[in-house]
Amino acid sequence: MSFAKLFDQMRSAFDQKDENKRKENKALDVSLDILSKAAKKTEDRSKRIKEDKIRGVRGTRHRISL
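First residue of the sequence shown? That's 1 in our numbering, and the numbers climb one at a time after it.
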């Protein structure tokens with residue numbers, strides 16, 4: 001095997017590794033984005049529930065009115 005052929009194979013292997021790394025990074029970015037949106041929605045929902053409980057809107061369904 002010539003050095004040029006070996007060099008080309010090594011270069012293509014490194015290029016493929018770089019491409020896979022870029023794909024992994026993109027997938028990680030997308031995952032983190034989804035998780036951050038879900039956390040924000042959960043935080044907003046928790047805040048809204050707390051505010052509703054303070055106002056007395058939540059938790060009144062099962063109370064008996066006399």
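Hints should not be assumed to be uniformly reliable.
[As the list claims (entries may be wrong)] Quick list of simulated restraints, FRET-style, between CB atoms:
| # | residue 1 | residue 2 | range |
| --- | --- | --- | --- |
| 1 | 57 | 27 | 52 to 60 Å |
| 2 | 20 | 48 | 40 to 48 Å |
| 3 | 19 | 54 | 30 to 38 Å |
| 4 | 31 | 53 | 28 to 36 Å |
| 5 | 15 | 57 | 24 to 32 Å |
| 6 | 35 | 57 | 25 to 33 Å |
| 7 | 40 | 3 | 33 to 41 Å |
Hints are computed from structural coordinates only; laboratory data are not their basis.
For every residue, glycine included, the Cβ atom is placed at its ideal position computed from N, Cα and C.
Each hint, compared with the structure:
1. Between residue 57 and residue 27 the beta carbon distance is about 41 Å. The supplied range of 52 to 60 Å is therefore violated.
2. Between residue 20 and residue 48 the Cβ separation comes to about 42 Å, which falls inside the hinted range of 40 to 48 Å.
3. Roughly 53 Å separates the CB atoms of residue 19 and residue 54, a value that falls outside the hinted 30 to 38 Å.
4. Hint check: residue 31 to residue 53, Cβ distance near 33 Å, so the stated range 28 to 36 Å holds.
5. Our hint of 24 to 32 Å for residue 15 and residue 57 is violated, since their Cβ atoms are close to 59 Å apart.
6. Distance hint check: the CB atoms of residue 35 and residue 57 are about 30 Å apart, consistent with the given range 25 to 33 Å.
7. The beta-carbon spacing between residue 40 and residue 3, approximately 55 Å, falls outside the hinted interval of 33 to 41 Å.
Checked against the numbered hints above, the structure violates hints 1, 3, 5 and 7; every other hint is satisfied.
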